[in-house]
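Engineer: I would like the entire structure built from these sequences, with the hints used as guidance.
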Amino acid sequence: MKSFYHYMMKHRHNKSSDPLGKLARHMYEDHSFPNDSTDYNEISSYLELNGDYFDGMSTFDLAWELYEEER
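Residue numbers (the numbering used here): 33 to 103.
Calculated directly from the structure, the hints in this document are not laboratory data. Not one of these hints is a red herring.
Listed below are the simulated DSBU-like cross-link pairs for lysine-lysine, each with C-alpha atoms no more than 35 Å apart in a straight line:
#: 1; residue 1: Lys42; residue 2: Lys54
#: 2; residue 1: Lys34; residue 2: Lys47
#: 3; residue 1: Lys54; residue 2: Lys34
Structural biologist: This is the structure we're talking about:
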């Protein structure tokens, strides 16, 4: 099963105005991000506590929904 991080890396090269692309680029640059996780609660908690680059949970929720659809 592909981790959420690995799923998001396909969005890394999206347009700079795309919120999923922005999130993916920040995740890529965050060396403490839980790269191997497939757990919503773990990633959500991490972003809430450490995601100072993060615009809001609505972007994460959208990304998670798309991730779930592909799993």
